Amino acid sequence: MTKYVLRRILISVVTLFTIIFILFLLLEFLPGSPFNDEKLDEATKALLMAKYGLDQPFFTRFSIYIVNLLHGDFGISLNITKDMPVSLMLATRLPVTIRIGIQAMIVGVILGLVLGITAALKKNTWIDTMATFLSVLGFSVPSYVFALFLIFFAAFKLQWFPIRFDIKEPIYSSILPTISLAVYIIAVMSRYARSEMIDCLNSEYIVLAKAKGISQAKVIIRHALRNTLVPIITVISPLIVGLITGSVVVEQIFGVPGLGQLLLAGIQNKDVNVICAVALVYSGLYIVIILVVDVLYGLIDPRIRVAGGKV
Numbered sequence: 001m002t003k004y005v006l007r008r009i010l011i012s013v014v015t016l017f018t019i020i021f022i023l024f025l026l027l028e029f030l031p032g033s034p035f036n037d038e039k040l041d042e043a044t045k046a047l048l049m050a051k052y053g054l055d056q057p058f059f060t061r062f063s064i065y066i067v068n069l070l071h072g073d074f075g076i077s078l079n080i081t082k083d084m085p086v087s088l089m090l091a092t093r094l095p096v097t098i099r100i101g102i103q104a105m106i107v108g109v110i111l112g113l114v115l116g117i118t119a120a121l122k123k124n125t126w127i128d129t130m131a132t133f134l135s136v137l138g139f140s141v142p143s144y145v146f147a148l149f150l151i152f153f154a155a156f157k158l159q160w161f162p163i164r165f166d167i168k169e170p171i172y173s174s175i176l177p178t179i180s181l182a183v184y185i186i187a188v189m190s191r192y193a194r195s196e197m198i199d200c201l202n203s204e205y206i207v208l209a210k211a212k213g214i215s216q217a218k219v220i221i222r223h224a225l226r227n228t229l230v231p232i233i234t235v236i237s238p239l240i241v242g243l244i245t246g247s248v249v250v251e252q253i254f255g256v257p258g259l260g261q262l263l264l265a266g267i268q269n270k271d272v273n274v275i276c277a278v279a280l281v282y283s284g285l286y287i288v289i290i291l292v293v294d295v296l297y298g299l300i301d302p303r304i305r306v307a308g309g310k311v
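Under my numbering, think of the first position of the sequence shown as 1, with each following residue one higher.
Read the hints as simulated data drawn from the structure, not as lab findings.
Here are the simulated DSS-like cross-link-like pairs (lysine-lysine), alpha carbons at most 27 Å apart as the crow flies:
(1) Lys82 / Lys270
(2) Lys168 / Lys157
(3) Lys45 / Lys82
(4) Lys45 / Lys270
All values derive from a computational prediction rather than experimental measurement.
Could you build the full structure based on these sequences and the hints that come with them?
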């Protein structure tokens, strides 16, 4: 198990370094510069490029960035908030994004499991039909459409929640963004939970357990539920992709001062350091969560421990 975890950590570090290099390379071909103000003449722009080291060769800038990054320095903002350390910008926005993301993941996983398991236990009934319909709907409709729907009905018509995110009421005003992001997770989790639970309930060891007189509740909790969770845990990893990409648009719709809003501002202004920092944080979060999921999978599935991590 130790070898398995160490190998996953090494793969994660190499992946993160590769992402940084590719991102830096793509930004090299991005048209324009952070200093596109029409009031600036070419000489002034050249001086600014030299001041911030943007006139250096690609590999020189990349090497400097990596060295600074290892010291926890993400550079300074070139355009959005001029000369402000990007680390300070991240420090104020990262907790907001993480909190809403965790809320959406918890809500999505719990409700998705409940919906999927209930549909499996009530197979071929109206409950199963309704659960399947809701999962297909949540899977098909983008999160930003649900966000607009919630704004119109829950915030504008019924006035149950504020339309815009309010930093003074972070929990209350984050309910609608959380629901918008959780809908897709609920849909995917419920579909997988239903499918896996039905397969488990029809398996030979479940039939044998019932034949021995074990109650249905014990069979479901001790056997079916555990074996259902093993493949479902692996589904959580790709769900993070949808959560991360969806948060960019949802944050913009609800005015959430998170990383998604900062990333869009960085792209619009070609603030290279901000784009790199936000993309790096997103990638880091994604890789860490995948690593945690892999480790959890190793803990739940005995075959990985028996194989010594050679899977």
